[in-house]
Every structure is written in C-alpha cells, then in structure tokens.
Amino acid sequence: MTGWTPDELMTVNAARALAGARTCFVGIGLPSAAANLARRTAQPELVLVYESGALGAKPSRLPLSIGDGELADTADAVVSVPEMFNYWLQAGRIDVGFLGAAQLDRYANINTTAVDRGPDRPEGRLPGAGGAPEIAASCGAVLIVLRHSTRNMVDRLDFVTSVGHGSGPRDRSRLGLLGKGPVAVITDLGILRPDPGTAELTLTEVHPGVTVEQVRAATGWPLKIAGTVAVTGPPTPAELAALRAMKAA
Amino acid sequence: MTGWTPDELMTVNAARALAGARTCFVGIGLPSAAANLARRTAQPELVLVYESGALGAKPSRLPLSIGDGELADTADAVVSVPEMFNYWLQAGRIDVGFLGAAQLDRYANINTTAVDRGPDRPEGRLPGAGGAPEIAASCGAVLIVLRHSTRNMVDRLDFVTSVGHGSGPRDRSRLGLLGKGPVAVITDLGILRPDPGTAELTLTEVHPGVTVEQVRAATGWPLKIAGTVAVTGPPTPAELAALRAMKAA
Amino acid sequence: MAELATLREAVAELIHDGDVVAMEGFTHLIPFAAAHEVIRQGLADLTLVRMTPDVVYDQLIGAGAARKLVFSWGGNPGVGSLHRFRDAVENGWPHPLEVDEHSHAGMANRYVAGASGLPFAVVRAYRGTDLASRTSTVSTVTCPFTGEKLAAVAALNPDVTVIHAQQADRAGNVQLWGLTGVQKEAALAARRVLVTVEEIVDRLTPRPGGVVLPGWAITAVAEVPGGAHPSYAAGYSVRDNGFYQAWDAVSRDRDTFTAWIRDNILERP
Amino acid sequence: MAELATLREAVAELIHDGDVVAMEGFTHLIPFAAAHEVIRQGLADLTLVRMTPDVVYDQLIGAGAARKLVFSWGGNPGVGSLHRFRDAVENGWPHPLEVDEHSHAGMANRYVAGASGLPFAVVRAYRGTDLASRTSTVSTVTCPFTGEKLAAVAALNPDVTVIHAQQADRAGNVQLWGLTGVQKEAALAARRVLVTVEEIVDRLTPRPGGVVLPGWAITAVAEVPGGAHPSYAAGYSVRDNGFYQAWDAVSRDRDTFTAWIRDNILERP
Numbered sequence: 006m007t008g009w010t011p012d013e014l015m016t017v018n019a020a021r022a023l024a025g026a027r028t029c030f031v032g033i034g035l036p037s038a039a040a041n042l043a044r045r046t047a048q049p050e051l052v053l054v055y056e057s058g059a060l061g062a063k064p065s066r067l068p069l070s071i072g073d074g075e076l077a078d079t080a081d082a083v084v085s086v087p088e089m090f091n092y093w094l095q096a097g098r099i100d101v102g103f104l105g106a107a108q109l110d111r112y113a114n115i116n117t118t119a120v121d122r123g124p125d126r127p128e129g130r131l132p133g134a135g136g137a138p139e140i141a142a143s144c145g146a147v148l149i150v151l152r153h154s155t156r157n158m159v160d161r162l163d164f165v166t167s168v169g170h171g172s173g174p175r176d177r178s179r180l181g182l183l184g185k186g187p188v189a190v191i192t193d194l195g196i197l198r199p200d201p202g203t204a205e206l207t208l209t210e211v212h213p214g215v216t217v218e219q220v221r222a223a224t225g226w227p228l229k230i231a232g233t234v235a236v237t238g239p240p241t242p243a244e245l246a247a248l249r250a251m252k253a254a
Numbered sequence: 006m007t008g009w010t011p012d013e014l015m016t017v018n019a020a021r022a023l024a025g026a027r028t029c030f031v032g033i034g035l036p037s038a039a040a041n042l043a044r045r046t047a048q049p050e051l052v053l054v055y056e057s058g059a060l061g062a063k064p065s066r067l068p069l070s071i072g073d074g075e076l077a078d079t080a081d082a083v084v085s086v087p088e089m090f091n092y093w094l095q096a097g098r099i100d101v102g103f104l105g106a107a108q109l110d111r112y113a114n115i116n117t118t119a120v121d122r123g124p125d126r127p128e129g130r131l132p133g134a135g136g137a138p139e140i141a142a143s144c145g146a147v148l149i150v151l152r153h154s155t156r157n158m159v160d161r162l163d164f165v166t167s168v169g170h171g172s173g174p175r176d177r178s179r180l181g182l183l184g185k186g187p188v189a190v191i192t193d194l195g196i197l198r199p200d201p202g203t204a205e206l207t208l209t210e211v212h213p214g215v216t217v218e219q220v221r222a223a224t225g226w227p228l229k230i231a232g233t234v235a236v237t238g239p240p241t242p243a244e245l246a247a248l249r250a251m252k253a254a
Numbered sequence: 002m003a004e005l006a007t008l009r010e011a012v013a014e015l016i017h018d019g020d021v022v023a024m025e026g027f028t029h030l031i032p033f034a035a036a037h038e039v040i041r042q043g044l045a046d047l048t049l050v051r052m053t054p055d056v057v058y059d060q061l062i063g064a065g066a067a068r069k070l071v072f073s074w075g076g077n078p079g080v081g082s083l084h085r086f087r088d089a090v091e092n093g094w095p096h097p098l099e100v101d102e103h104s105h106a107g108m109a110n111r112y113v114a115g116a117s118g119l120p121f122a123v124v125r126a127y128r129g130t131d132l133a134s135r136t137s138t139v140s141t142v143t144c145p146f147t148g149e150k151l152a153a154v155a156a157l158n159p160d161v162t163v164i165h166a167q168q169a170d171r172a173g174n175v176q177l178w179g180l181t182g183v184q185k186e187a188a189l190a191a192r193r194v195l196v197t198v199e200e201i202v203d204r205l206t207p208r209p210g211g212v213v214l215p216g217w218a219i220t221a222v223a224e225v226p227g228g229a230h231p232s233y234a235a236g237y238s239v240r241d242n243g244f245y246q247a248w249d250a251v252s253r254d255r256d257t258f259t260a261w262i263r264d265n266i267l268e269r270p
Numbered sequence: 002m003a004e005l006a007t008l009r010e011a012v013a014e015l016i017h018d019g020d021v022v023a024m025e026g027f028t029h030l031i032p033f034a035a036a037h038e039v040i041r042q043g044l045a046d047l048t049l050v051r052m053t054p055d056v057v058y059d060q061l062i063g064a065g066a067a068r069k070l071v072f073s074w075g076g077n078p079g080v081g082s083l084h085r086f087r088d089a090v091e092n093g094w095p096h097p098l099e100v101d102e103h104s105h106a107g108m109a110n111r112y113v114a115g116a117s118g119l120p121f122a123v124v125r126a127y128r129g130t131d132l133a134s135r136t137s138t139v140s141t142v143t144c145p146f147t148g149e150k151l152a153a154v155a156a157l158n159p160d161v162t163v164i165h166a167q168q169a170d171r172a173g174n175v176q177l178w179g180l181t182g183v184q185k186e187a188a189l190a191a192r193r194v195l196v197t198v199e200e201i202v203d204r205l206t207p208r209p210g211g212v213v214l215p216g217w218a219i220t221a222v223a224e225v226p227g228g229a230h231p232s233y234a235a236g237y238s239v240r241d242n243g244f245y246q247a248w249d250a251v252s253r254d255r256d257t258f259t260a261w262i263r264d265n266i267l268e269r270p
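In order, the protein sequence lines correspond to chains A, B, C and D.
The number in our numbering is simply the position in the first sequence, starting from 1, with 5 added.
The number in our numbering is simply the position in the second sequence, starting from 1, with 5 added.
The number in our numbering is simply the position in the third sequence, starting from 1, with 1 added.
The number in our numbering is simply the position in the fourth sequence, starting from 1, with 1 added.
Next up, chain A with everything else stripped away, as it sits in the complex (with noise of 0.2 Å):
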C-alpha cells in the first residue's frame, strides 16, 4: 500500500471533491469511479444517479456501462429515461453532475463531439453529447474529472458541447442556467478551480509529486496559477483498498 498511480490520485481526489454532496448524476467512466469510490469511504450515504434510470443506485462493483443490470438492481428507484431528464435532472434536483471530458477550455466548457484534425482531414468524431449539455446546465455544482495533457486542456474547443462558464463569470446567469456550473476540475497531476472573479480556471493544488511547471506544460493555454499552490493530501490507505478493490471486483 505505498505508491500509487496517478489514475489514482485523480480517482481519489474526485471522489473527495464529492464532500458535501447528498446526490450526484454521475456519468460513466472516470466519474463513475469517483463517485463509487466516495460512496465506500467518506459518503456511505451519496444517492448515485445514473440517466440510464436508476436513482440511488450501489453497485457492488463498477458498472462498465450506465445501463449494467446491477444500477437498476441496486437502486432505490427505476424511472424512464425521459423522466430521469426531466423530472430529475432538468428540475435542478440534482447537487452535484460528475463529468468527464474529451476537450476543456480555461472557462471548463466540454467538448465531447468532434475535433479539427487539420485543413486537409476530415473532422474526428468523439461520442457526443449524451446526458452532459443539461447535466452540466441543470445540477447544482459540476465536477470535471480528465487526464491532463495538451491535446485534452486545449486554448479552443472544436465544439461546444457543454457550457461551464462559457466566456467569463456572468456567462451562465445570462444563459439562464441553472447551477452553478463547473467548481473544480480533477486531473492526474492536481486541481483546477474557476477564479471567483474571472471564472477562469485556476491551479490551486498539485498532487504529491506534482511540480507546477508540469501541469503548466501539459496545459494548452498560458495556465494561472493560484498565489498559492497547495499540495493534495496522499490517499490514504482506506481510500487505496477501497478503490483498488473496487476495480477489481
């Protein structure tokens, strides 16, 4: 139990991030796994929601999809899948959506449609959008979890799939938007936050190990950084047993 990667540094951290939240709509992947993960250790009570339709779901072990039987299985309620969009997630019942991402900006907008790969090739195709546009418009707080590199932190989105801030701090209010949009992006090497004034994302923590210059370097904009950097704490050994158990369940 001494290292660790920094899939799970991220993976930890997301799931910390996650304090104080009573019900989360968690998307899959990197977003599943935090949430799951706070559920085991810190949360016992966190109410998952999966837009597959299962509200309070408690997987034994991490679904590979939103739709695996275990979430209906598990969940204190299964609803349709225009219910769960509307009823539960357009009403701004939610507090907090988890999300991962394919492109963010320095304002945490997503892009998880296409990417320009150059005048002479055909755009490439990423998933789309999924449940993310109106998980990130209508959930009270919006967590990012993504690996970081410059092919994923990008100075322009190809697309805007999902609004964070848009283009600054009074973007999301003349949007009508619900919440309060994106509160902390979680990556393999720290934490990003949108500043309270500008909006921008932030460096305010680096994991153990980090330097600033690394995250600097794998960031495709002219990255600010907070007057002070703080260093997250390690996972403990309760969080790394719990995870690594859970991954392989």
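Each hint should be verified, as a subset may be incorrect.
Said to hold, decoys possible - The list that follows gives simulated cross-link-like pairs (lysine-lysine, BS3-like), each with its CA atoms no further than 30 Å apart:
(1) K150(D) with K185(A)
(2) K63(B) with K252(B)
(3) K150(C) with K185(B)
(4) K150(C) with K150(D)
(5) K63(B) with K185(B)
Please keep in mind that the hints were generated in silico from the structure rather than gathered at the bench.
On a predicted model such as this, the values are computed, not experimentally measured, just so you know.
Given chain A, work out where chains B, C and D should sit, using these hints.
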C-alpha cells in the same frame, strides 16, 4: 323479462353503438354502463380505457367512480394520469370516446361547466370539464349518451366545454381536432346523428313506443327529422339480463 | 432525507395560511386525514389545487380554508354535486371562492411542467372551447417547425403538495401502487412535500405497479393508518362508497355540514 | 391485437428500404437479433434513430444499411469508439452517413413529443452549446407566461420502432422490466412497432418495475430467445461485457468487420 325502462333502452342502444370499436375511452356514469354492457354482450374484446389510468379494465361490477380499485386490478396496464392524457388520448390512439353531457346543442357541442340561471341569480355550477374536451377532440369518433329533455338539449349552450361539430361541418378540421367528432347521440327517446352535409343532429331512430313528436317536444331547438325514422330494435333478453346483472352486482 | 413526524407536526410545519396547496390522489389514495388536520389547525386563505376536488375539498371549502380553487372536475364521483363547492362559488358561503378551471389534460400537464422545471407545457387542448376565456393560465404557442398553434398551460408549482401512500421506510422513501394518478408530478412540482402513509416499514419491497419516491425528494412523512378514508389505499382498504353517497345529504345543508365538521373533525383529534 | 410472427416475417413485413427506424434499449434490452435480420435481408438507405447507437448500430452502419443517423451518444459504453460509425462519418465508408445529433434530453423529449401526438417538445437544453448549429430539429419557443426562451425539439415519429422485451402473451401484450429506458415512448411514437421477446407466455404476471404495452398498440411480436445478446434481458441473461470489449478489435478494421458480419450474421439465419 318483458318490458324495460327508458334508461335501459338508452343503455342498450348506447352499448350497441360501440359496434366495430376496438378501444373506448369511458366516462363515468351512463357511458361506463354502456361500455361495460357492450363488453359483456356483443364485444367481449372491447378495450375499456378509464382516465384514472386503467388501460383494458375488466370490472366485474359497475364502478361507482373512475378510480375504483377493481379498474386497476383488472387492467392490462395501469399508467399515470399524465401518460394517459398525453400518450394514449392526445396521440389519437383510442377509437371511440364515450361521453355524457349536462347540456348539448344541435351540433353536439357539450356544456358540463356552468349554466345561466337568469339575470338575478348566480350562474349554476356543474362539475367542469374533466377529461371531456380532449376526449371529444382526440378520439377517432365520439358517442354521447344523455337523458332527453329541453333542459339538457338546448338551443344555445351557456358554456362550451367540449366541441362536437362547432357550428358546422368544417369546424373540426378548422380547429385541428383529430377525430371525426360525435357520430351518435343516444338518449332515452332515440338516436340523433349528425347530418352528413350540415353536421346538425338529426333524429334517425326512436326507441320502441316513442313517437317523433315526443322527441321533438323534449328537444330545445327545432329538431331536424330524418326522412325515414327507424325504430331501434328492442333490447334482447340477453342484453337485458346482462345489464340487470351488472347493475345488481 | 424526509423527516418522520406526526401529522400534527408536519401540517403545522409545512402548511401556512395563504399557501398554494395541492392534495392529489385520483379517487384512490386521497389524503383525507391531512385535509382534516388542516381544518383542525384553522388554516385559511389557501389556494387549493387538485384535478378532482372531490369530497375532500368540499370539506375544506365548506370549512372556510380556501380562497381559491384550481381544478378540472368538481363533483362527487358517481353521486352528484359537491354542495359546499357550489355554495361557495354560487353564493360566496362561507366566503367567495375564486376558481381557475382547466381540463384534466391541462391540469395534468401543468403539474408535469412544474415537475420538469419548465414554465409551461404544450397541449393539444382547449381548442374551440370557452375554457380559455375564464383563466389566465392558458395561452398559445406556435410550433417553430410546423407553424401549428397549440395550447400552452402555465406550470403549477404548489408551495406544498400532500399525498397519501401505502408505505414508507425509515429513511422516508415512499411507495404507492394501484392507481397512482398524478401524484408523482404533483409532489415533484412542489416546494415542500408531505406524505401520509398507511404504515412505516423497515424496508420497502418493490411491488408491481409500484411508484417509489426517494426520501430526499420528500420533506416529511407521517404515519396515518386509514388516512385516505373514505377514499382507499389498495392493499389496505376499499373505497367507502357508502360514505360518498351519504355525503350528499350531509353537505347539502350548511348547518348539517357544520355540525358534521365539528363532530367528526374539530372535536376528534 | 399484435400479430405473432417469426422475426424474418416481421422484419420483411414492417421494415422497408428508406424507412426511419428506431431500435431502442438503453444498454439493456437492445434488439440485436432484429438488427441482424435487417442486415440479412439487405435493407438499405435507412434513417437509424437511437439515443445511444452502441454496437448494434455500428454493425448496421458498417454493413451499409444506413443513410442517416439520429442520435445523442455514439460510443461503445465503457470501451471506446464505435469504429464503423466513425469510419462512415469521417471517411464515408461503406458510404457517407448524414447525422442529426442531439443531447439525451433532446432525443428523449423528441420521442415524448412523438408519443404524445405533438409536433415538438419544450426543453431547458442546448443553451450556450454548438449543438443547435448542426441540426434543423432544434429551435426556440418563448413562454407566453414568463417570456423565457426555451429550446424546442421536433417530434420523432419513426416509421418503425423495434424493441426487445422479456415477455409477451398470446394476444401480443408485452412486458419489460429492469431499465426500461425510452422504449415506451419510442414504441408509441412510431407508425409500426415490432417487439422481439425472450418468451411468449400464456399470461403476463405483473412484475415490480414492469412496463406493459397492450397488444393493440403493437404491430407484431416475434419470439427470439437471447435476442438482445450481447446486451441483456434482466431475469434472462447478463450483459456480455466481453463481447463489447472484443468488438473494439473486430470493428477497428474493415476487413475483419466484414468477415465478422459474413460469418456471424449473413451465413447464420
């Protein structure tokens, strides 16, 4: 089993009017009695739909209200009230809507909202619209059953709750109403059907023992009479037995 | 998670004079006991919302709790008129009652819009009728794709919705089954939700036709066995049709009604 | 009442070249066997509609059955890209694929509008995103009560919807349970409905979480045990996650894919 009441004549003929219908949206009271009688006699496969959420109810006795437990217990499916009105009724999926009326005019428009009691008295309250406006608008065809009197069959409605044929043959398509509207009004005196050219209700049948003059006198407008007025077939012993057994249950 | 409370505490905490209150239950699962507690606590000036006012609102209106009624069908099902409702509308007794009157399709969709966080819903409804002439909560929208004009109904977002259900567990998760009407929408449209239940159980067992409302979407749960009477709770009781039939005579006369309220509600805690 | 038919008959009768076809099932109950029959019958020029195209549409697209895709999330869940979908969009292989792309909320509500007989649905969606710039099926409406501008999405009314369910009875009444996704809406929005089922039983027993579609709302039912594989049918099978993971390598290469289709679909009736 000799002799019958005017109400029995009305109900038996209302049940017969359902011939050919596969699905019927049933209002409570007289329509429910008629639709249930049809299911026990000529049309055992008739699907009864109640606005309380029961699709394919098969009650063993006449329900007092549209929410009696037996409707849900015997239904093929129970759905929410919004689903009933949106997916099943509004989408035009039901063959016949079966309605009662407090006031009816010559174009088979219905008032169940309020009646004018003269200049010195407050308007008299009726129950209101319920499901009727959209049943009248969206079912493939509409049957109306009510007792025949100048109080019910009026020259001018005090309030239009549900549209029959509006003010003539082109009104339903002008209003964008889906179904063909009322095709028969079954009363305790006879049957009125809209004239194919003018859509005005015309007396086409009288019940055994009823004269055209009686019907005319009980109608609050100058009633059009068909060239040939038929006499409805008397209730069969099987119809009467089924009706009386149902009422006694 | 929902708070478990007594009916008295829950009504006192969640419902206030002047509130917009929806009590739903489509013939089945009508929260009569909660309505009686509202009468006992002397709440006034309420805007009462309900598709089918039924005997439950006849009682509240006659007892003077209501200022306004939002509804779509106000009768005693299978029996006849609601006399207290009529007396209030026609004669202003015990005081005038404003009405906002819709069709069932309109009311159901007003709750749907409310539950969905939308300001209005679109319905193929009201065309050619006089209904829109008496309400400010029906308008029209034009389809941006086809140009068709459709009715728009304003969202309903009650201050409080009260429903009755068969069961809750100790975390306040609620399950109802049988005819579940518009209860989910009415509950999710409201700012506060009170659920009375036949019984509180250790663990909810999923039922055919069961609708589960998670405890975190509910404000308070009160255990009130028989709390739907004379309506019913499938699996626990049957509809007391005799009560509904007898209500006609009780409610026809102001004094008989007033005595009934005194004897059966005010003096019975 | 629904006709009971073989899968071959039902597909031949209900699905034609050029049709708009929705096959729904949100990870669970995906009608794979019906899609394979569509490939076997050589249907072409289809507009395929589905929230999550998944491996099932990767197969149809790669086999050349589709002209257009209407969708909201096109990946192999938990695994990665849909290579045949990408190859069609990026390189036009086996021929170009037009896309009409939405969010899940938009797609779900397009089916809701279709099932409700409305030309459009109102959603609090798409604001600030580029999604509306690439589709003609998103527009805006203004709330006539509040003045707020909201998104409008055009109704979806497929020529045919195909779903898989656990059971049907001999009258064609269908019951599905577990995650039931958007299947009811997709079925009720369509002109024709084909349901494949794990088994035909004498009598449906109501299940917790069960959704029942009456036979008179369905065109044809075909008994196809295992017809959702590699997706699953709760109570009958589990999701074959290994198949989904292996699909990545199968679908990455055109020749490997083509051989797979030949060996596993075309030469297996």
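Outcome of the hint check:
1. Taking the CA atoms of K150(D) and K185(A), the gap is about 20 Å. The hint holds against a cut of 30 Å.
2. Taking the CA atoms of K63(B) and K252(B), the gap is near 15 Å; set against the 30 Å cutoff, the hint holds.
3. In summary, the hint linking K150(C) to K185(B) is supported, as the alpha carbons are separated by about 20 Å, within the 30 Å threshold.
4. Between K150(C) and K150(D) the alpha-carbon distance is near 17 Å, which keeps this suggested pair within the 30 Å criterion.
5. For the suggested pair K63(B) and K185(B), the alpha carbons sit about 27 Å apart, so the restraint of at most 30 Å is met.
Against the hints set out earlier in the document, no violation occurs for any number.
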